[in-house]
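Chains as they are written, first to last, in the working numbering: chain P, 349 to 658; chain L, 349 to 658.
Some clues are possibly wrong.
Just so you know, same-sequence chains aren't split out, so a pair can sit in one copy or run between any two.
Straight-line C-alpha distance at most 25 Å; calculated DSS-like pairs for lysine-lysine [claimed, not checked]:
id	residue 1	residue 2
1	491	519
2	577	617
3	461	624
4	518	581
Just so you know, the hints here were simulated from the structure itself, not pulled from any lab data.
Protein chains: 2
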Amino acid sequence: MPGEFKIIERLRKAARRPSGALVLGIGDDCAAFKTAPGFETLATSDMLIEGVHFRVSQGLGAVGYKSMAVNISDILACGGKPLYALVAVGLPEKGAMRAALSLYSGLRKCADKFGVEIIGGDTVRSEKLVISITALGEVASGKAVTRGGARPGDYILVSGELGNGAAALKKNLAWLPPLRPELSQALCGRGLVNSMIDVSDGLSGELYHLCEESNTGALIYEELVPLSKAALKLSGGNRRMALPAAFFGGEDYELLLSVPAKFLGTALKLGRKKSKLTVIGRMLPARQGVKVYGGGKAKVLQRGGYDAFL
Amino acid sequence: MPGEFKIIERLRKAARRPSGALVLGIGDDCAAFKTAPGFETLATSDMLIEGVHFRVSQGLGAVGYKSMAVNISDILACGGKPLYALVAVGLPEKGAMRAALSLYSGLRKCADKFGVEIIGGDTVRSEKLVISITALGEVASGKAVTRGGARPGDYILVSGELGNGAAALKKNLAWLPPLRPELSQALCGRGLVNSMIDVSDGLSGELYHLCEESNTGALIYEELVPLSKAALKLSGGNRRMALPAAFFGGEDYELLLSVPAKFLGTALKLGRKKSKLTVIGRMLPARQGVKVYGGGKAKVLQRGGYDAFL
Chain P
349 MPGEFKIIER LRKAARRPSG ALVLGIGDDC AAFKTAPGFE TLATSDMLIE
399 GVHFRVSQGL GAVGYKSMAV NISDILACGG KPLYALVAVG LPEKGAMRAA
449 LSLYSGLRKC ADKFGVEIIG GDTVRSEKLV ISITALGEVA SGKAVTRGGA
499 RPGDYILVSG ELGNGAAALK KNLAWLPPLR PELSQALCGR GLVNSMIDVS
549 DGLSGELYHL CEESNTGALI YEELVPLSKA ALKLSGGNRR MALPAAFFGG
599 EDYELLLSVP AKFLGTALKL GRKKSKLTVI GRMLPARQGV KVYGGGKAKV
649 LQRGGYDAFL
Chain L
349 MPGEFKIIER LRKAARRPSG ALVLGIGDDC AAFKTAPGFE TLATSDMLIE
399 GVHFRVSQGL GAVGYKSMAV NISDILACGG KPLYALVAVG LPEKGAMRAA
449 LSLYSGLRKC ADKFGVEIIG GDTVRSEKLV ISITALGEVA SGKAVTRGGA
499 RPGDYILVSG ELGNGAAALK KNLAWLPPLR PELSQALCGR GLVNSMIDVS
549 DGLSGELYHL CEESNTGALI YEELVPLSKA ALKLSGGNRR MALPAAFFGG
599 EDYELLLSVP AKFLGTALKL GRKKSKLTVI GRMLPARQGV KVYGGGKAKV
649 LQRGGYDAFL
């Protein structure tokens, strides 16, 4: 059976030659790259474990694609441009080469689509399949959009539609997030967004993150939440039945963000061009809590969100 | 039992506030940092799996320390200054908080010792313990030392002593590599080193890497290879019996490097000040192969090196 060195060798041959800002790619102790003057480097890591975050039966190509996408999503959620990835993979001994090739074909497909270069990583033996990716990107100095910049009165918006992740999971499929690089860059480049997060663990959990970091409350209008066709189909077209998939389902990887009232028009105009962008509520003073309005009344939003340990 | 958010919260509180070049630390979608003008960013990832690379019985503090050290080692092997780390950890559900705290105490101890700041990561559930770290560092533009710069006639040197990793493994201990940041920076800062690698998989395998990337052969003198006390003790003081621990044992994380003949004196002088540095052989033209001289004759060096899949 093929050894680790052979797997690395094949990946290295498939990798492009270092060019531009990349000085040193796969195959040495480190990769090396330059950051343009006036820019900062963004870095994020996500780990996915077989049986916890995915099943092999979802197809390793799709699993690889998704693993890369969730990392790129974090860079976009800071308003950054994704550039590089390091990919550490633990592979079961049996069928390691075939698994590696399927996985990497998905990883590469996603990386290529979003202009990301795989510059390093590690390949080790593991009982269960493990994928740990670090994505690196850049953002103009001081322009990273955090979770903590929202103010009471700001509008709360979400990209695309929610519930796709939950619907795919019900069918044992890996949801391949569309991602929104153009929308993120257009909005952040013009300074229209003051807080942002990607919806990895359901709208509810992510909204609580924004509110806590920004020290705000929020009011979300149930009827404004954009629901995916897949989620609606699963609930027989019943909107209210489909809402939990959006609030608590997770794995959508859309962008949840806040926009000061004065920028709302410009943001929505850009949103129409780049991809769907929907107003779903407003930020409130912290003392008013995080609420959802539906069925004629406002109630406290149940705190959801996937917890790896619950 | 404590949830993922609580673990992250504890780590975040323990983390220092972003300062200097670090703009955004743990707790947002990404970390963000500045790279000084005239410098490049170095990036490397290593993944360690329970039962493959370590056992829980070695102590999770030691395992954490070692996991961080092997990543820092890669930055040093490129002549860089280690700065940041992202730490992704998969933890068994049972005893997750306690395991996380032991692991992170080791990770932090090593990170603090070498001036590395933990700026992000991920905490997930996993059957077996998994640690995947990405270390980031910087090096003056164009000054990264690769594996590919050696020339025939260069001297081959190694830092410290070899065989500690193999000896520790025999006792089911995690070897905590001393690492050589001052030596690496002193030698590379003066441009004395033209190829370098860290000895993670035994002297033999690493030497082959240098020779292949540099397109050279090599001759190593057995009697010059510095052996650790621990390795000698295990072989009852017999040098020849202890040599395999150095050539094929691995996990020493010393630096293996080549120095052009005209710089040898300066390099050795620096080595004496910073930490032990020993000449063990010379680079040869590629057609002469990779050889070892001992017992009165030169023979082809057995190609060793740990392979995750063999």
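Consistency of the hints with the structure:
For the homomeric pair residue 491 and residue 519, neither the shortest alpha-carbon distance inside one copy (39 Å) nor that between copies (51 Å) is at most 25 Å. In this homomeric assembly, residue 577 and residue 617 come within 25 Å of each other (Cα to Cα) only inside a single copy, at 24 Å, whereas the closest approach across copies is 71 Å. Proximity of residue 461 and residue 624 under a CA criterion of 25 Å is satisfied intra-copy only: 20 Å inside one chain copy versus 48 Å between copies. Taking the closest pair of Cα atoms, residue 518 and residue 581 come within 25 Å of each other only inside a single copy of the chain (12 Å); across copies the shortest separation is 59 Å, beyond that limit.
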